[in-house]
Structures are given as C-alpha cells and as structure tokens.
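S.K.: Position chain B relative to chain A; hints supplied.
There are 2 protein chains.
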Amino acid sequence: MRQSQLFTKTRKEAPKDEVAKNAQLLIRAGYIYKEMAGVYAYMPLGLRVMNNIIRVIREEMDAIGGQEIFLTALQDKKVWEKTGRWSESVLDIWFKSELKNGSQVGLGITHEEPVTNLMRDYIHSYRDLPRYAYQFQTKFRNEERAKSGIMRSREFIMKDLYSFSKDQKEHDVFYEKAKQAYVKIFQRLGLGERTYVTFASGGSFSKYSHEFQTVTDAGEDLVYVHEGKKIAVNKEVLTDEVLKDLGVKREDLVEKKAVEVGNIFSLGTKFSDAYELCFVSEDGTKKPVIMGSYGIGPGRVMGTIVETLSDANGIVWPEEVAPFRLHLVSLGKPGSDAEKAAVDLYSELSKLGVEVLFDDRDLRPGEKFADSDLIGIPLRAVISDKTLAMGGALELKERKTGAVSMVTKEELKNRLMR
Amino acid sequence: MRQSQLFTKTRKEAPKDEVAKNAQLLIRAGYIYKEMAGVYAYMPLGLRVMNNIIRVIREEMDAIGGQEIFLTALQDKKVWEKTGRWSESVLDIWFKSELKNGSQVGLGITHEEPVTNLMRDYIHSYRDLPRYAYQFQTKFRNEERAKSGIMRSREFIMKDLYSFSKDQKEHDVFYEKAKQAYVKIFQRLGLGERTYVTFASGGSFSKYSHEFQTVTDAGEDLVYVHEGKKIAVNKEVLTDEVLKDLGVKREDLVEKKAVEVGNIFSLGTKFSDAYELCFVSEDGTKKPVIMGSYGIGPGRVMGTIVETLSDANGIVWPEEVAPFRLHLVSLGKPGSDAEKAAVDLYSELSKLGVEVLFDDRDLRPGEKFADSDLIGIPLRAVISDKTLAMGGALELKERKTGAVSMVTKEELKNRLMR
Numbered sequence: 313m314r315q316s317q318l319f320t321k322t323r324k325e326a327p328k329d330e331v332a333k334n335a336q337l338l339i340r341a342g343y344i345y346k347e348m349a350g351v352y353a354y355m356p357l358g359l360r361v362m363n364n365i366i367r368v369i370r371e372e373m374d375a376i377g378g379q380e381i382f383l384t385a386l387q388d389k390k391v392w393e394k395t396g397r398w399s400e401s402v403l404d405i406w407f408k409s410e411l412k413n414g415s416q417v418g419l420g421i422t423h424e425e426p427v428t429n430l431m432r433d434y435i436h437s438y439r440d441l442p443r444y445a446y447q448f449q450t451k452f453r454n455e456e457r458a459k460s461g462i463m464r465s466r467e468f469i470m471k472d473l474y475s476f477s478k479d480q481k482e483h484d485v486f487y488e489k490a491k492q493a494y495v496k497i498f499q500r501l502g503l504g505e506r507t508y509v510t511f512a513s514g515g516s517f518s519k520y521s522h523e524f525q526t527v528t529d530a531g532e533d534l535v536y537v538h539e540g541k542k543i544a545v546n547k548e549v550l551t552d553e554v555l556k557d558l559g560v561k562r563e564d565l566v567e568k569k570a571v572e573v574g575n576i577f578s579l580g581t582k583f584s585d586a587y588e589l590c591f592v593s594e595d596g597t598k599k600p601v602i603m604g605s606y607g608i609g610p611g612r613v614m615g616t617i618v619e620t621l622s623d624a625n626g627i628v629w630p631e632e633v634a635p636f637r638l639h640l641v642s643l644g645k646p647g648s649d650a651e652k653a654a655v656d657l658y659s660e661l662s663k664l665g666v667e668v669l670f671d672d673r674d675l676r677p678g679e680k681f682a683d684s685d686l687i688g689i690p691l692r693a694v695i696s697d698k699t700l701a702m703g704g705a706l707e708l709k710e711r712k713t714g715a716v717s718m719v720t721k722e723e724l725k726n727r728l729m730r
Numbered sequence: 313m314r315q316s317q318l319f320t321k322t323r324k325e326a327p328k329d330e331v332a333k334n335a336q337l338l339i340r341a342g343y344i345y346k347e348m349a350g351v352y353a354y355m356p357l358g359l360r361v362m363n364n365i366i367r368v369i370r371e372e373m374d375a376i377g378g379q380e381i382f383l384t385a386l387q388d389k390k391v392w393e394k395t396g397r398w399s400e401s402v403l404d405i406w407f408k409s410e411l412k413n414g415s416q417v418g419l420g421i422t423h424e425e426p427v428t429n430l431m432r433d434y435i436h437s438y439r440d441l442p443r444y445a446y447q448f449q450t451k452f453r454n455e456e457r458a459k460s461g462i463m464r465s466r467e468f469i470m471k472d473l474y475s476f477s478k479d480q481k482e483h484d485v486f487y488e489k490a491k492q493a494y495v496k497i498f499q500r501l502g503l504g505e506r507t508y509v510t511f512a513s514g515g516s517f518s519k520y521s522h523e524f525q526t527v528t529d530a531g532e533d534l535v536y537v538h539e540g541k542k543i544a545v546n547k548e549v550l551t552d553e554v555l556k557d558l559g560v561k562r563e564d565l566v567e568k569k570a571v572e573v574g575n576i577f578s579l580g581t582k583f584s585d586a587y588e589l590c591f592v593s594e595d596g597t598k599k600p601v602i603m604g605s606y607g608i609g610p611g612r613v614m615g616t617i618v619e620t621l622s623d624a625n626g627i628v629w630p631e632e633v634a635p636f637r638l639h640l641v642s643l644g645k646p647g648s649d650a651e652k653a654a655v656d657l658y659s660e661l662s663k664l665g666v667e668v669l670f671d672d673r674d675l676r677p678g679e680k681f682a683d684s685d686l687i688g689i690p691l692r693a694v695i696s697d698k699t700l701a702m703g704g705a706l707e708l709k710e711r712k713t714g715a716v717s718m719v720t721k722e723e724l725k726n727r728l729m730r
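So the protein lines, in turn, are chains A and B.
Numbering of the first sequence is given in the working numbering, commencing with residue 313 and proceeding in unit increments.
Numbering of the second sequence is given in the working numbering, commencing with residue 313 and proceeding in unit increments.
One chain only, chain A, in its complex shape (with noise of 0.2 Å):
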C-alpha cells in the first residue's frame, strides 16, 4: 500500500491522558485510536496487525481439531443464573442492559455458561465427543480502572476454546496438546523467549491451571521465574509442596514481574453439572462431559509486543505479526530515476504477492526514516540517487538489529519470497 493513502499517520504526542506505553506508541505510530479509557479503535495498520495474530491463533487452534463458531456478545440472564456468575457479588465486571420488555441482558465477559448451555443441542452420545469450539469474539469487562492501553481494556477480541471430552484421560490429552499449541504461538508471535508456563491455582477439578506469563515491568502480575527450567509458578501456589511437586528450590526462582497473555484451565464438570450437559457412553449409562478453557487476548499479545520488544526509535514487529514484510522507502524527487525504480519495484513486489509499505510520500529523509522505525516493520528498504548510482542497489536495514547492508534487487527478491 502507498503510504500517502494510507488514512492514518503518526503523530508527534499520544494523548495526554493516555499513560500506557503500548497504547502510547499505538496511537503515535497510527496503529489505534482511543475512544475512551479503556476502548480502543484498530485502524488499518493495527486491524493488520490484529488479523496476523488471529491468523497464527487460528492455524494453531484449527491443528489440533479446533472448530471454529462465533457466539454472542448479548447474555441471558436466564443461563447465567445457573451458575450464580450472574451476580454482580460473584462477578463484578458486568456491563448490564435491558430489553424494551425490560429484562436484562449481559455483554459477555467469559461464554463457558452459554457454550455448555448450547452444547446440550449438539452432543448427546459418547459419539459426539470429543468437541473442541473456539471463537474470536468482542469480550466486556467493566474495569473500575483501565490504564494498560490494549493490555486491559473495557472491550476486546478474545479467542476462547473450549473443550470436551468423554473423561479425564481425554481430556488430559488435549490439555497437554494444547499447552504445546500455545507455546508454538507465542513462539511465532515473538514473544516466545519472555513467555513462561506458568502453575496457578486449578480450581476444585486439577492441582493446576497454566497461565502462560510474558515478562515485563508493564505486566500487573508477580510470577516466579525458574530459568533453567523455563517455567514460572504463580504467587498463589507458591508452597513448599508445590515447589517440590515441580522439582524446583526457591532460591533458583526469581521475582518478575509479567502479563498473562494466555491461560489454559481444567473445569472438570463444574459446568456440566450446572447445565446437566451429559452424554450416553459407550456402556449405556450417562455421564457428564469433562470441560476445559483455552484463552488468549489477541489485543493484549499486541500490546505485551509492543511493552516488552519495542526501543527508544519505536515499535519492533515480529515477522509474522508486522502488518507489512517490507517497508520502501523512496527518497526520488518526483520525477526522478530513483523514484521511478522505486515504483517499479513497488509494482513488482506486489505482483509476487509480498504486502508492501511503500512510502511515497513527498518528505525529508529524516521524518520517512523516523516514521519507519515508530512504525516498525521488519525489514526497509531504501531507494535513493545515492543507491541508484551504486549498481542499482538498495540500502537494506534490519529494523530489530539496525544492521545495514547493500543488496540488489534480486538478493531482495529473493529474500522476501522465501
């Protein structure tokens, strides 16, 4: 895309009262635009980033038997009362309305109540299971405060898998299968290396849930650190037993601070019981399905990247979450050579299919250059008369290692299409 029709820019300032750094350098690079505290709108470039990360999201989630369905913001009352979470003294986040008759409605916060609620339609003998769902869909959490930027906001896309299985053994399964799968995700999404599985609290039906913790001052989370062996343990299961069930000694654990960018949680039949979702097995007697949640915020993963990989110039995308492959730069005056090569190669590069920032834009050298590195996709590339007249070469530079080099077209092409 050109960058001179591009709707959003960058800006000098974010807000005054936006305090986060994530939402901060979102806004002045032209990725979000805050509605309010806590309620952010994606423009082009941040929608781009979004989509890449729903896009790893998906492919991982449809790779170990994920289906995917999109359920509703809107809450009735009615099922939620089944499990008391309609109460604002079991869940305080609530965003309430009504009907023009009056009854109330919810904006779902979680849907573990309306998905057990909708699977009694769909699974009625041990042949039905196992079932795995997920969806990307608008979640709203009535924060009192909301000051992370994208990190914790008051609406946001949310996937959330759920799962369920014929029994425990089943289940654990899948549980592994998909702690792996969310391991490989944030791998790919670039924050692999920060990433920690976590051990928290599991709830009345396992010892364990995982949270998958991302370390960074930003975060408003305490974990424990375990380097060697690469896991951390939540302040509220840090006990002598636990520290021994995990084979770690408390002086090899360090204080950091983290985000949860995902979490993954046993249920047990806590839900099935409260919506009698049960299923016919193979020896004919009934028996309750075996739950389990699978969450991950697209828009906090967005922000974590942001907090924890950016620099003192701007943003750093990982490769594949940056909303373009390749940044080119054109330094041509209009009408020149090097404008011209420029947008041949802007032309033929989109032709290969290879999404393209091309900034065409009439401005000194130093603002593009700024621009690029707030905007922070991996690769630039400069074309100016300079390199023109060294070969028809292009400056090449690494936005993550700032590392320079030469390269010709070819060598680009090749790059790009690997």
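No wet-lab data here; the hints were simulated from the structure.
All values reported here derive from a predicted model rather than from experimental measurement.
The reader is advised that the hints may include incorrect statements.
To be verified - Output of the computed footprint for chain B on chain A, the stretches with three or more beta carbons under 8 Å from beta carbons of chain B:
hint	stretch
1	319–328
2	344–351
3	448–455
As the list claims (entries may be wrong) - Derived Cβ-Cβ restraints for the label pairs, each shown as a range:
hint	chain 1	residue 1	chain 2	residue 2	range
4	B	GLU400	A	SER399	22 to 32 Å
5	B	ASP674	A	GLU723	50 to 60 Å
6	A	ASN363	B	LYS663	18 to 28 Å
7	A	ARG323	B	LEU534	44 to 54 Å
8	A	ARG439	B	ALA715	53 to 63 Å
9	B	ASP479	A	LYS412	52 to 62 Å
10	A	GLU505	B	ASP585	47 to 57 Å
11	B	ASP585	A	LYS394	44 to 54 Å
To be verified - DMTMM-like mimics (lysine to aspartate or glutamate), calculated; alpha carbons at most 20 Å apart, straight line:
hint	chain 1	residue 1	chain 2	residue 2
12	B	LYS663	A	GLU372
13	B	LYS412	A	ASP433
14	A	LYS324	B	ASP433
15	B	LYS599	B	ASP623
16	B	LYS394	B	ASP585
17	B	LYS412	A	GLU710
18	B	LYS324	A	ASP433
19	A	LYS389	B	ASP329
20	A	LYS721	A	GLU710
21	A	LYS412	B	GLU505
22	A	LYS478	A	GLU410
Where a beta carbon is used, it is the ideal one built from N, C-alpha and C, also for glycine.
M.R.: Frame of chain A; chain B shown alone:
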C-alpha cells in the same frame, strides 16, 4: 471436513418460538443457534457462510479504495450528544449501560458519529482526501420485536463504509462507484436477480438515497418495482415528481414486499458540521468534508438468501456463499471398496485445496440425502458400490436444479478446479 467430526448436526425441528423461515432452516441445518429472541450464535457451518459473504464484500470494498478498520462497540455519550442522537427520543433502539464511575456508555447502533469524530485526528488538508474507511463490526439494536430471524436481529455484524471527500463532485463519483460495487456484491452473493436499486428519500443533502431491496414475502418493506428498468421506488418517495424524475409511469410499477439488504446515503456536511471535520483546501480556505455512508448486513444477506433461494427440501446456497464446494457422500459400508474410494477422493480433493464436506457417517442413504438437501451445498457427489461398478464413476447432483449426471473422478476434479 468429515461430517462425523462436525460438531453441529441437523435437527428435525426448530425451536418452537422460532417463527422466521430463515432461522428455522438455518437452525435445523446446523448453521446457527438461537441464544435468545433476536440473538443468534454461528456454528461452524454458519460461520463459513458468514465469512464467505464477508470476503465478497471486503473484496469489492477494497477494489473501490476502501481501507478496513475496526471501531468500537462501546460508545461515548459525549461524542453522540453532539448530533443529538444519544437521546432515546431521537434514536429509540439503544442498548445503554454504565461504567463503574457511573458515566453512561452505549452500544454502537451505527458509527457515523464516532468515525467523524475520529477522522478529525487524520484529516487536515486536501492531501488527506478522499478517504474511504470501512469495518465489519457487531452492531446492537434494541428492537422491540425480533421475529425475522437473522434478517433483523438485536446483535449483528454490519459492514459500514464511510466516505470523506473534498467536494460534491468527488463525492458523487465515489457514490456511483459504491453503487456499482453493491450491484456486483449482490450478484456475486446470488441475490442479483431479485435485488433492485431502490430510490428512497435522501435527507437534507441529496434528493435520493439508494436502498438495495431484495424481493421476498419475508420482507418488511413495500417497494414499487419497475421490471424493465430494474429499479424500484420506496413508498416514501412515490410521488408524481419522482416518477417523472425517474422517467417511469405509475402503472408500470408493481408493489412488492422486500427486504433492505444494503443502503447508500449521501450525508453532505451533516456530520462534519457537527464535529467540525474540516480541511484546508488547495486555495488555503477551510472547508467542511463531504461524507457518505454505505451499509450492508452480512447476516441479513444470509437470511435473505435462505428466504428466497431455499426449496421444500432445504437450503440452496449460491456458489460463492456455500460453506463447502462439494458434499461428498459415501454410501459404502465400513471396510467396503466404496468407502475406500470415497476416503481416497476426499483426501485427493483436500490436497488440491477444494473444500469438501465428506459425509462419512454410518447412516442410511435416505438420511444422508435428506441432510445433504437441507444443508444445501451446490454440488453433491455420491460414491457407492453401484457407482463403482459403473466404471468408477460418481453420481453428481446439482442442488439447485436437481440435475443428475454420472462423472468420472477426473471430470469432477476438472469441474471443481475451474
């Protein structure tokens, strides 16, 4: 996908309180689930159809220069008060809620207000124009009654595009382009023949707006169709002056019930005046931006397709919309040659990237055929011991026409790879 793995299944009966034909069929065929009156979840098949409709619309919006964004559902009272539409006496279908600090928020019914307000950050000069921003966003409308299934629901995805132009001429050119894009969209979605560009009232800034009305008895609107010109007139503008304007005679118009599947509207400076959305023109003067809005509801389109194209046996999807290209039905018993041939063909086609729903279930042929008709995939291929005995052929049936033919595997592949 193997039908034995698909977690939703067909049902004999729709819920008793469901009165709309579209929702009855879609629920029975396993596409949607009724969460509450006017609130529907999309199951795997339904989401595939929805995504196909969204893809077609997105392609056509991109083709006329649209840039995709993603605004917010939560709406700021302060923003909406500027046009007066926060008031229930002006817009009576709000869902409203409140933040913990007591301030009111609304759920987006439409997005003219926030998008105009937002654009003040991005439009300053004539160089920033024109701009065309669109989104697929969940809208919430607190409808008094909700009896039309997914054709009028309380929560639904809408594509809304907003145009921002320098002057009336630039606006008019885009408006016409958008109109043609809409014509193309409804053709691609299989509604072309029954959908009429309909002249409706234009508000303060233009003589007409244009609705896209699909003729169906399930429609809530009355339009006056001129078959020869392939246009229609909305009742609200059915005057002698307008008829003269359009060059049609009253006696050539036929009254029909119809559903509004899209609309396009010139907004003039109504919203840019309210938000002082101005730009500095080439002559240095400050001018208000000229706006337009362009809506399509993919869910309503899906409902309208079901209402208009289904037959006594079930749904009949147009090709671009269908959840799969082919319904492959194996009648072979487990272990039979027919079953093996079906599995082979399924994996061959899958490798070629053809999307196939493979009915591998151990059911009677009659049940499989009834399900297949109900689900409505355009092409059905049957493999049985009988078809195998006829030189390895398949029985191919077109859902729309009922035409049956015997084809070889190669012929089928050629047809699907076209």
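S.K.: For each hint, tell me whether it holds in the structure or not.
M.R.: We went through each hint and held it up to the structure:
Coverage of the stretch 319–328 of chain A by chain B holds. Counting CB-CB distances below 8 Å, 4 residues qualify, and the rule asks for three or more. With 4 residues carrying a beta carbon less than 8 Å from a beta carbon of chain B, the stretch 344–351 of chain A meets the three-residue requirement, and the given coverage holds. Beta-carbon proximity to chain B at under 8 Å applies to 4 residues in the stretch 448–455 of chain A; the threshold of 3 is reached and the given coverage holds. A hinted range of 22 to 32 Å holds for the C-beta pair B/GLU400 and A/SER399, which are about 28 Å apart.
Between B/ASP674 and A/GLU723 the beta carbon distance is about 57 Å. The supplied range of 50 to 60 Å therefore holds. A hinted range of 18 to 28 Å holds for the C-beta pair A/ASN363 and B/LYS663, which are about 26 Å apart. Range check, A/ARG323 to B/LEU534: about 49 Å between beta-carbon atoms, so the 44 to 54 Å window is met. A hinted range of 53 to 63 Å for the beta carbons of A/ARG439 and B/ALA715 is inconsistent with their spacing of about 34 Å.
Between B/ASP479 and A/LYS412 the beta carbon distance is about 42 Å. The supplied range of 52 to 62 Å is therefore violated. Checked against the hint of 47 to 57 Å, the C-beta distance between A/GLU505 and B/ASP585 comes to roughly 52 Å, which is consistent with it. The beta-carbon spacing between B/ASP585 and A/LYS394, approximately 50 Å, falls within the hinted interval of 44 to 54 Å. For the proposed pair B/LYS663 and A/GLU372, the alpha carbon gap of about 19 Å is at most 20 Å, so the pair holds.
Proximity of B/LYS412 to A/ASP433 is assessed by CA-CA distance (about 36 Å); at most 20 Å being required, the pair is judged violated. This hinted pair checks out: A/LYS324 and B/ASP433 have alpha carbons roughly 12 Å apart, not beyond 20 Å. Using a Cα cut-off of 20 Å, the hinted pair B/LYS599 and B/ASP623 is violated, with the two alpha carbons roughly 54 Å apart. For the hint pairing B/LYS394 with B/ASP585, the CA-to-CA distance comes to about 10 Å; that is within 20 Å, so the pair holds.
A distance of roughly 45 Å separates the Cα atoms of B/LYS412 and A/GLU710; the hinted pair therefore is violated under the 20 Å criterion. At roughly 12 Å between alpha-carbon atoms, B/LYS324 and A/ASP433 fall within 20 Å of each other, so this suggested pair holds. Between A/LYS389 and B/ASP329 the CA atoms are separated by roughly 18 Å; this keeps the pair inside 20 Å, and the hint holds. With a CA separation close to 16 Å, the supplied pair A/LYS721 and A/GLU710 stays within the 20 Å bound.
Straight-line distance between C-alpha atoms of A/LYS412 and B/GLU505 comes to about 37 Å, which puts the hinted pair past the 20 Å bound. Our distance criterion of 20 Å between C-alpha atoms is broken by A/LYS478 and A/GLU410, whose separation comes to about 38 Å.
In terms of the numbered hints stated before, the structure departs from hints 8, 9, 13, 15, 17, 21 and 22, listed from lowest to highest.
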